[in-house]
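Work the whole structure out from these sequences, hints included.
Residue numbers for the sequence shown follow the working numbering, so the first one is 4 and each next one is one higher.
Simulated from the structure, these hints should not be mistaken for laboratory data.
Since the structure is predicted, the reported quantities are computational estimates derived from the model, not experimental observations.
Be a bit skeptical, because a hint or two may be false.
Straight line, CA to CA, 25 Å or less: simulated PhoX-like cross-link-like pairs of lysine-lysine [said to hold, decoys possible]: (1) Lys-248 with Lys-269; (2) Lys-304 with Lys-334; (3) Lys-311 with Lys-334; (4) Lys-168 with Lys-225; (5) Lys-49 with Lys-158; (6) Lys-370 with Lys-308; (7) Lys-298 with Lys-308; (8) Lys-158 with Lys-12; (9) Lys-49 with Lys-155; (10) Lys-248 with Lys-229; (11) Lys-225 with Lys-158; (12) Lys-203 with Lys-233; (13) Lys-298 with Lys-319; (14) Lys-370 with Lys-395.
Derived DEER-like restraints, expressed as beta-carbon distance ranges [as the list claims (entries may be wrong)]: (15) Leu-48 with Tyr-82: 29 to 35 Å; (16) Thr-343 with Leu-196: 49 to 55 Å; (17) Ile-117 with Arg-72: 22 to 28 Å; (18) Lys-146 with Ile-117: 29 to 35 Å; (19) His-54 with Glu-251: 24 to 30 Å; (20) Asp-388 with Ser-338: 23 to 29 Å; (21) Thr-106 with Ser-338: 54 to 60 Å; (22) Tyr-82 with Gly-144: 25 to 31 Å; (23) His-54 with Asp-388: 52 to 58 Å.
Note that CB positions come from ideal geometry on N, CA and C, so glycine has one too.
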Amino acid sequence: MERVIDLNKYLPDIITHYLDIARDAALELGYDIYLVGGAVRDILLKDYDIHDIDLAIEGDTAEFADLFRSKIEPVGFIYHEPFNTATFTISDDLHIDIAMCRTESYPQKAVLPIVEPAELRDDLKRRDFTINAMAISLTEGNKLVDIFSGEKDLKNGIIRILHKKSFLDDPTRIWRAVRYACRFDFEIEPSTLTLIERDKGNLSLLTPERRRYEMECVLNEKEPVKTLQKAKELGLIDLSAELIKRLEDAGELDELTFMAVYLEDKTDDVILRECEYWGLNSHDRDILMEVKDLKSRTVQKQHSKIYKTLKNYPEKALEIARRLTRDSRMKDMLSYYLDTARETVPFLTGDDLKELGYPEGKLLGEKLQELFMLQLDGEIDSREDAIARAIKL
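Encoded structure:
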C-alpha cells in the first residue's frame, strides 16, 4: 500500500510554498522531482526544525534550475557544474539544494566521486544510511518512496549502511554514523559496526580539510561530548576519561576550545602534527600555542602587572585559557584583564601630553604607559589627577 505524506502537516508554509513551485516547474518540463535526504527522515521522526531542503530531479538540473530560479527570485544562487547541483538561498534560515538523480563511482578510496545521471532508485542506493535513503515524490502526490526499509529502521532506532563498500567509498560516513547514533539515541547495527572496525583506518586518507569539517559537525551537535565519547569507544579518536571530563566541564565547545583540551599537555611537535592532521591553519595553530604558553605564566595580583603580562596575547587565546584553567587565581587574573583592564580607557592621550609640553617620540609613549599603569592600580582616579601626575613626571 502506497503511503502519502501530508507535507502541510509537518512543514511550515514557507517551505511547502517553495516545494509547490518546484513541483509545478518539474511538471512543466516533464520531469519527476523528489524531496530527499535529512528532511524526509526528520519529517518521519516528527522533527519540525527543518531549514535545509534537498531535492532530486530525474532530468536536466541546469534547465530546471533556470526555470525554478525565474519563479522564485532567490536572494542567492550557485550552480555547481561538476556535480550538476544548484543551491538556492531563500533566506538566512532556508536553503534549497537541487541535484540530478545520479550514481556515484569512486576512482579510489576517500576521494570525491564521479557522478552520472540515473533514476531515483540508483540515487537512493548511493546514499549513506537507510534512514537517509527515502524520498517523497512531489510530482506523484507526495508518495513516500522507501526501497531500503528506512522507515522501519527509524522506528527501531537503527543506523544501517546500504552496502559493504560504503565506508571504503566515503570514510566520512563513519563519523556520520556516530553523529546520527548519538543525535537520535539510535544503535549502530552489528554488521555496520563490523565494517566501521574494518574501515576506520581509511579516515587517515581523507584530506585535512575534510577531517576538519567532520570535527566541526561533531562539535555542532547538541551533545558533542556524547558523540566524542562514542567515537572514542569505536577507536576513531584517542581521548582519555580525564579529557572527556575536561570537555564536559568546558561547556559549549567550539573547534579551538576542543583542540586546546585535546592537545593539553602535549609537546609542541605533537601539537603541530595534530594541527596539520585536523586541517587547522597557522593562525589557529598559533592560538593553541599561546593557550599552552599561558599555562606557564606566573599569576599576578597587581593590576598593572596583569596588564603587562597579558596584553600581547590574542583575545581568543585568553578566552579559551579562562574557560579551561582549573586555577582559580589564574581565572581571576584572566577575567580582570578581559573584562576590565582591556576595556579601561586611559584618562589621557598623546595629544593631551603634547599640550602639556611633552615632545613627540619614545618618551611620550613611555609616559602614557606609566600613567595608564597608575590608573589601573588605582593611584590615579580622574582626568584631573592624571594631568597633575603628568606634570610632576
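Requested in this report: Go through the numbered hints given earlier and state which of them the structure violates, listing their numbers in rising order.
Outcome: Going through the list in order, the structure violates hint 4 alone and respects the others.
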